[in-house]
Structure formats: C-alpha cells, structure tokens
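Participant: Letter by letter, the chains look like this.
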Amino acid sequence: MNEPGLQGVLEAAVHDYISARCRPAYLHETRSGLQAIQSSVELMARSAAAAADNSAVARKASELAKRAIANHEIAISRVLDDLIATQQEAAPMDLGVLLGDVVEFLQNMLASNDLAVNLTAGEGIMIHARKGRLRMAVLGLIGNAVEAMPRGSRLPVSVERQSSRALLRLGWAGIDSALRIPDWNELRSGVDLNALIAPVARHVVMADGGQLTTSSGTGDEAALSITYPLLS
Amino acid sequence: MANQQPPVRVLYVEDNALVRELTSELLATEGRQVIACGTAEEAVREFNRQVCDVVITDLSLPAQSGLDLAKAILTVSPGAPIVILSGYPLPLPLAQLGPNVRSLTKPVEANQIELLIDELVRQAAPRRQVAQQPE
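So the sequence lines, in the order shown, correspond to chains A and B.
232 is the number that the working numbering gives the last residue of the first sequence; the numbers go up by one with no jumps.
135 is the number that the working numbering gives the last residue of the second sequence; the numbers go up by one with no jumps.
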C-alpha cells in the first residue's frame with residue numbers, strides 16, 4: 001500500500017471513530033428536532049380536543065409544525081453531511097463560523113461532561129480549506145479535550161486574525177497526552193484511535209496549507225494551535 | 001371562601017425558540033403559569049426575582065449549561081425541584097444533586113412533563129407554602 005492510500009485508510013478510520021464518539025451529539029440534534037415536531041402535533045391535537053373554539057391555536061400550531069419540520073430537515077442534512085464523508089474541493093470558508101458551529105453541535109456533550117466552553121470567534125476570518133474534513137478534525141480534537149477532562153473543567157477555544165494568518169486555538173487543563181502527536185513507531189506498536197486523531201488532524205490541516213502545533217506549559221495547561229494563511 | 005391554590009409557576013429554559021414556544025403553550029394551562037427563558041443567565045435572574053415552583057431546563061444552552069443553571073439554583077434554594085431535559089440519557093450522577101433533580105430524555109410528551117411537575121410540586125408542598133406566605 002502506498003503512503004497516500006494508507007493516510008486515506010487512517011483518515012477514514014478516524015472519521016468513523018469520531019462519528020461514533022459524537023453519537024450523543026447526533027442523538028441530541030435529532031431528538032431536539034423530533035421534540036419540536038411532536039410538540040406541535042400534540043398542540044394541534046389538544047386544541048382539536050378542546051371544547052372551546054381553538055381554531056386560532058390550531059392554525060398557529062400548524063404553522064409551528066411546518067417550521068419544525070423544515071428546521072429538522074436542515075439539522076438532519078447537517079448530520080448526514082458529517083456521517084457520510086464525501087470528497088470535497090477546497091473552497092473559501094469562515095474559520096470562526098466553523099468553530100462556532102462545532103461548539104454549538106457539541107454543546108450537549110460538553111454540558112453533560114460538566115465542561116464550560118469559553119468561545120471567542122471573530123467573524124469574516126476567511127481561509128481556503130476542505131470544510132467537511134476540517135470540521136471532523138476539530139470535532140475530534142475537542143472530543144479529545146472532553147475525554148482528557150472527565151471531571152469537568154474549562155475549555156477556552158478561539159479564532160482570531162494574527163497578521164497574515166488565521167489562528168484557531170484550543171487550550172485546556174488536563175492530560176496533555178490527548179494533544180501529543182505520537183511518532184510512527186508508537187503507532188505501529190499499537191495505540192487506540194483516540195491517539196490517532198491529532199496526527200490525522202495535522203495531516204488534514206497541512207493538506208490545505210495550514211499548520212497544527214501543540215504545546216504544554218509548566219503546569220497542567222496545554223494548547224493546540226491551527227493556523228492557515230488568511231484569504232485576502 | 002374556598003381556599004384557592006395559587007398557580008404552579010414553572011420556570012422553563014430552552015434556547016431553541018420554536019421548542020420554547022411550543023412547550024410553553026402546552027404547559028400553560030389553568031392552574032399553571034409558565035415563565036419562559038432562552039438562557040441560563042436570564043433564568044437565574046427570573047428565579048431570584050419571583051417565586052418559581054419548578055424549574056425545567058434543557059441541558060444544552062449557550063454559555064452556561066442547564067447543569068450550571070441547576071447548580072446555581074440549588075446553591076440559593078437547595079430543595080428547588082428541577083427537571084433537566086436532554087437528547088440522550090444523562091451520564092451524570094444526578095442523584096448527587098439531590099432527589100429533587102430529575103431528568104427526561106427528548107422527545108418527551110407534554111403529559112410526562114406534567115406528571116413530573118405534579119409529583120415534584122407535591123413533594124415540595126411544605127416548601128411551597130413557606131415561599132408563598134406573605135412576609
């Protein structure tokens with residue numbers, strides 16, 4: 001097997017692993033949409049069963065039901081985009097919007113792990129990258145942070161302009177092995193897919209002209225930085 | 001004159017405007033008043049401003065989560081009945097927060113929420129009487 005083929009296999013395996021790990025977030029996204037649809041139907045049924053004339057309530061419930069169905073279609077499309085990895089061309093994209101979307105999507109998982117996210121994302125920070133692959137890489141890296149802090153903590157995440165670069169930064173207090181990029185010998189000796197996320201994410205970032213670096217301070221603080229050339 | 005019970009006041013927190021509107025409509029019946037909020041911060045302000053008999057919150061909220069909200073409310077009112085709604089069963093040991101904190105998994109029928117409200121209000125009846133006594 002040649003090198004690009006192997007990288008493709010690793011990336012596909014990591015994609016599947018991240019998708020499986022994000023199962024609670026996908027369930028939450030799906031069930032929240034179903035909640036809106038079910039509640040609108042319940043409201044219509046209750047207004048129909050009421051003795052008084054509730055036609056105004058029924059009409060309102062019907063409008064809300066249509067909105068709930070439309071919203072749910074959009075949410076399910078997003079879920080399918082994530083779960084079915086498709087080949088994409090690199091295109092201009094807003095890095096801050098991507099980070100905001102990922103944090104919103106993971107909100108339920110982060111909250112259930114008692115993790116407080118401090119999100120700072122500037123607007124209009126445009127880069128040229130394959131959005132789906134980068135989204136999956138960021139999902140994987142934040143997922144690693146969640147696993148590194150099982151007893152909850154604070155997770156600062158930000159996107160900012162830094163001269164001619166766009167900088168996405170994740171910082172956390174926890175086990176910094178979740179950040180570490182193992183070398184090839186370690187991978188051959190057998191590590192779980194969790195440890196593969198950082199190297200695959202680095203490959204994804206570098207393939208579109210970016211850089212991914214990690215650092216640990218003298219204390220427990222650790223940080224991961226992704227930089228891309230800014231689109232002018 | 002008959003001893004008429006004041007309405008049960010439900011503080012309901014959900015950031016999804018559509019779900020918030022629908023659930024508020026379903027829960028607001030005779031004998032029940034719903035105070036709807038979109039964020040945990042707004043909910044804490046409402047909780048401190050007026051008597052609330054039950055708090056129902058989504059787990060997933062922007063900035064502070066439903067869990068942060070539950071902890072903030074329990075700090076000022078340890079016996080406050082709280083229901084946390086989530087899209088999947090919570091891995092958290094909610095029992096640590098107290099017997100007055102429950103969870104429901106979405107999608108949930110309005111009836112299920114209503115039954116839980118009734119149960120929690122019954123449990124908290126002595127506390128409710130004290131809270132509603134004029135000073």
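Any given hint might turn out to be false.
Said to hold, decoys possible - SDA-like cross-link-like pairs, simulated, lysine to any residue; straight-line CA separation at most 25 Å:
#1 B:Lys71 to A:Glu73
#2 B:Lys71 to B:Gln112
#3 A:Lys131 to A:Gly5
#4 A:Lys66 to B:Asn48
#5 A:Lys131 to A:Lys66
#6 A:Lys131 to A:Thr227
#7 A:Lys131 to B:Pro62
#8 A:Lys131 to A:Asn118
#9 A:Lys60 to B:Glu30
#10 B:Lys71 to B:Glu30
#11 A:Lys60 to B:Arg49
#12 A:Lys60 to A:Ala75
#13 A:Lys66 to B:Gln112
#14 A:Lys60 to B:Glu21
#15 A:Lys60 to A:Leu80
#16 B:Lys71 to B:Val44
#17 A:Lys66 to A:Asn118
#18 B:Lys71 to B:Thr29
#19 A:Lys66 to B:Asn16
#20 A:Lys60 to B:Asn16
#21 A:Lys60 to B:Val108
#22 B:Lys71 to A:Glu104
#23 A:Lys60 to A:Asn71
#24 B:Lys71 to B:Arg49
#25 A:Lys66 to B:Arg49
#26 B:Lys71 to A:Lys131
#27 A:Lys60 to B:Val44
Unchecked claim - What follows is a set of in silico ranges between Cβ atoms, one per label pair, in the way DEER data are often shown:
#28 B:Pro62 to A:Ser62: 52 to 58 Å
#29 A:Glu63 to B:Leu115: 39 to 45 Å
#30 B:Glu109 to A:Ser62: 15 to 21 Å
#31 A:Arg154 to B:Asn111: 23 to 29 Å
#32 B:Ala125 to A:Ala51: 26 to 32 Å
#33 B:Gln112 to A:Leu80: 44 to 50 Å
#34 B:Gln50 to A:Ala12: 19 to 25 Å
#35 A:Val9 to B:Asn111: 36 to 42 Å
#36 B:Glu46 to A:Ala12: 29 to 35 Å
#37 B:Gly98 to A:Gln211: 44 to 50 Å
#38 B:Val51 to A:Ala116: 53 to 59 Å
#39 B:Glu114 to A:Gln211: 20 to 26 Å
No lab work stands behind these hints, which were simulated from the structure alone.
We put the CB at the ideal spot given by N, CA and C, even for glycine.
Participant: Please go over all the hints and tell whether each is borne out by the structure.
Facilitator: Comparing the hints with the structure gives:
{"no.": "1", "hint": "B:Lys71 to A:Glu73", "in the structure": "violated, 34 Å"}
{"no.": "2", "hint": "B:Lys71 to B:Gln112", "in the structure": "holds, 23 Å"}
{"no.": "3", "hint": "A:Lys131 to A:Gly5", "in the structure": "holds, 21 Å"}
{"no.": "4", "hint": "A:Lys66 to B:Asn48", "in the structure": "violated, 36 Å"}
{"no.": "5", "hint": "A:Lys131 to A:Lys66", "in the structure": "violated, 30 Å"}
{"no.": "6", "hint": "A:Lys131 to A:Thr227", "in the structure": "holds, 15 Å"}
{"no.": "7", "hint": "A:Lys131 to B:Pro62", "in the structure": "holds, 23 Å"}
{"no.": "8", "hint": "A:Lys131 to A:Asn118", "in the structure": "holds, 23 Å"}
{"no.": "9", "hint": "A:Lys60 to B:Glu30", "in the structure": "holds, 20 Å"}
{"no.": "10", "hint": "B:Lys71 to B:Glu30", "in the structure": "violated, 30 Å"}
{"no.": "11", "hint": "A:Lys60 to B:Arg49", "in the structure": "violated, 31 Å"}
{"no.": "12", "hint": "A:Lys60 to A:Ala75", "in the structure": "holds, 22 Å"}
{"no.": "13", "hint": "A:Lys66 to B:Gln112", "in the structure": "holds, 24 Å"}
{"no.": "14", "hint": "A:Lys60 to B:Glu21", "in the structure": "holds, 11 Å"}
{"no.": "15", "hint": "A:Lys60 to A:Leu80", "in the structure": "violated, 30 Å"}
{"no.": "16", "hint": "B:Lys71 to B:Val44", "in the structure": "holds, 11 Å"}
{"no.": "17", "hint": "A:Lys66 to A:Asn118", "in the structure": "violated, 34 Å"}
{"no.": "18", "hint": "B:Lys71 to B:Thr29", "in the structure": "violated, 28 Å"}
{"no.": "19", "hint": "A:Lys66 to B:Asn16", "in the structure": "holds, 15 Å"}
{"no.": "20", "hint": "A:Lys60 to B:Asn16", "in the structure": "holds, 17 Å"}
{"no.": "21", "hint": "A:Lys60 to B:Val108", "in the structure": "holds, 21 Å"}
{"no.": "22", "hint": "B:Lys71 to A:Glu104", "in the structure": "holds, 21 Å"}
{"no.": "23", "hint": "A:Lys60 to A:Asn71", "in the structure": "holds, 17 Å"}
{"no.": "24", "hint": "B:Lys71 to B:Arg49", "in the structure": "holds, 17 Å"}
{"no.": "25", "hint": "A:Lys66 to B:Arg49", "in the structure": "violated, 36 Å"}
{"no.": "26", "hint": "B:Lys71 to A:Lys131", "in the structure": "violated, 37 Å"}
{"no.": "27", "hint": "A:Lys60 to B:Val44", "in the structure": "violated, 30 Å"}
{"no.": "28", "hint": "B:Pro62 to A:Ser62: 52 to 58 Å", "in the structure": "violated, 29 Å"}
{"no.": "29", "hint": "A:Glu63 to B:Leu115: 39 to 45 Å", "in the structure": "violated, 28 Å"}
{"no.": "30", "hint": "B:Glu109 to A:Ser62: 15 to 21 Å", "in the structure": "holds, 19 Å"}
{"no.": "31", "hint": "A:Arg154 to B:Asn111: 23 to 29 Å", "in the structure": "violated, 39 Å"}
{"no.": "32", "hint": "B:Ala125 to A:Ala51: 26 to 32 Å", "in the structure": "holds, 31 Å"}
{"no.": "33", "hint": "B:Gln112 to A:Leu80: 44 to 50 Å", "in the structure": "violated, 29 Å"}
{"no.": "34", "hint": "B:Gln50 to A:Ala12: 19 to 25 Å", "in the structure": "violated, 54 Å"}
{"no.": "35", "hint": "A:Val9 to B:Asn111: 36 to 42 Å", "in the structure": "violated, 50 Å"}
{"no.": "36", "hint": "B:Glu46 to A:Ala12: 29 to 35 Å", "in the structure": "violated, 48 Å"}
{"no.": "37", "hint": "B:Gly98 to A:Gln211: 44 to 50 Å", "in the structure": "holds, 48 Å"}
{"no.": "38", "hint": "B:Val51 to A:Ala116: 53 to 59 Å", "in the structure": "violated, 29 Å"}
{"no.": "39", "hint": "B:Glu114 to A:Gln211: 20 to 26 Å", "in the structure": "violated, 55 Å"}
Hint compliance for this structure: hints 1, 4, 5, 10, 11, 15, 17, 18, 25, 26, 27, 28, 29, 31, 33, 34, 35, 36, 38, 39 are broken, all remaining hints hold.
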